[in-house]
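First to last, the sequence lines map onto chains A and H. Positions 55 to 163 (the numbering used here) are the ones given, in order, by the first sequence. Positions 412 to 527 (the numbering used here) are the ones given, in order, by the second sequence.
Treat the hints loosely; a few may be bogus.
[Said to hold, decoys possible] Here are a few chain H residues that sit away from chain A, every Cβ distance over 12 Å (derived from the structure):
(1) P419
(2) R478
(3) S481
(4) S490
[Unchecked claim] FRET-style restraints, in silico, Cβ to Cβ:
(5) A:D81 to H:Q452: 12 to 20 Å
(6) A:P62 to H:F480: 37 to 45 Å
(7) H:N488 to A:K112: 14 to 22 Å
(8) A:E59 to H:G495: 20 to 28 Å
(9) H:L499 to A:Q114: 25 to 33 Å
(10) A:N121 to H:P450: 24 to 32 Å
(11) A:E93 to H:S438: 22 to 30 Å
(12) H:L494 to A:E137: 35 to 43 Å
(13) H:P510 to A:A124: 18 to 26 Å
(14) H:Q465 to A:E69: 44 to 52 Å
(15) A:P62 to H:L499: 41 to 49 Å
Keep in mind the hints are simulated off the structure, nothing from the lab. All figures in this text were calculated on a predicted structure; none of them were measured in a lab. Glycine residues also receive a C-beta, built at the ideal position from the N, C-alpha and C atoms.
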Amino acid sequence: GENVEQHPSTLSVQEGDSAVIKCTYSDSASNYFPWYKQELGKRPQLIIDIRSNVGEKKDQRIAVTLNKTAKHFSLHITETQPEDSAVYFCAATRGKLIFGQGTELSVKP
Amino acid sequence: KAGVTQTPRYLIKTRGQQVTLSCSPISGHRSVSWYQQTPGQGLQFLFEYFSETQRNKGNFPGRFSGRQFSNSRSEMNVSTLELGDSALYLCASSLGSEPPGYGEQFFGPGTRLTVL
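Full structure from sequences and hints, please.
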């Protein structure tokens, strides 16, 4: 069945450093890849998404890259700030959203 | 606009009982999806409703069911509760103008279900 693997499960960086989270998916027909951020005790919120006809998308300090051939996509956060600390979920869809296991990002001041 | 709301926020049940959770989507949103969130399994898709019809479902047993009303409000029911059903149940709404699973989903605060 469909599966999304996400790595790493935890990531700790210093404020100002970059953070990269990687995901691979199994269903080659997947063509929509959102990223959600969930702060402690809060609901998940969409931060960026990419569709399969695009290789890269950027929004201020956040960027997502997609390699359809290799079936993987990545989230890049530059100039990290303490408020970036949260759990990040990648997902892939072909009719239903399949989420990765999540990455707990900790940004130390 | 008011966000997605879920009731109740907390529930404690015992094994074998059944439970009904409710979700009110953002006004104008016609699609409602349900997810189970646990520390070990992350976010798992349960089902998605659009215009009172289930468009897609995940890999959960038949004890998990749902429905959607004409005002887009949705309910999820779990029968014969098991200890492993303890989780945070999130619903999410979207406009529904795209195919199921596409576009931004707006999540509710969740219902924390504890099965004893």
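Non-interface claim for R478 of chain H: all C-beta distances to chain A beyond 12 Å?
-> Non-interface label stands for R478 of chain H: nearest chain A Cβ at 18 Å, farther than 12 Å.
Do the beta carbons of P510 of chain H and A124 of chain A sit within 18 to 26 Å of each other?
-> 25 Å, holds
Could you tell me whether the CB distance from L494 of chain H to E137 of chain A stays inside 35 to 43 Å?
-> Holds, at about 36 Å.
No chain A beta carbon within 12 Å of P419 of chain H's = 16 Å, holds
L499 of chain H and P62 of chain A - C-beta distance against the hinted 41 to 49 Å = Check failed, 23 Å falls outside 41 to 49 Å.
Taking the CB of L499 of chain H and the CB of Q114 of chain A, does the distance hold inside 25 to 33 Å?
-> About 30 Å separates the Cβ atoms of L499 of chain H and Q114 of chain A, which means 25 to 33 Å holds.
Take the C-beta atom of Q465 of chain H and the C-beta atom of E69 of chain A, compute their distance, and say whether it sits inside 44 to 52 Å.
-> Check passed, 45 Å falls within 44 to 52 Å.
How does the Cβ-Cβ distance of P62 of chain A and F480 of chain H compare with 37 to 45 Å: does it lie in that range?
-> 42 Å, holds
Should the hint that D81 of chain A and Q452 of chain H are 12 to 20 Å apart at their CB atoms be regarded as holding?
-> 19 Å, holds
Hey, does S481 of chain H actually stay past 12 Å from chain A on C-beta?
-> S481 of chain H is indeed farther than 12 Å from all Cβ atoms of chain A, at 23 Å.
So does E59 of chain A sit 20 to 28 Å from G495 of chain H, Cβ to Cβ?
-> 23 Å, holds
Non-interface label on S490 of chain H, tested against every C-beta of chain A at 12 Å = 22 Å, holds
When each numbered hint is compared with the structure, violations occur for hints 7 and 15.
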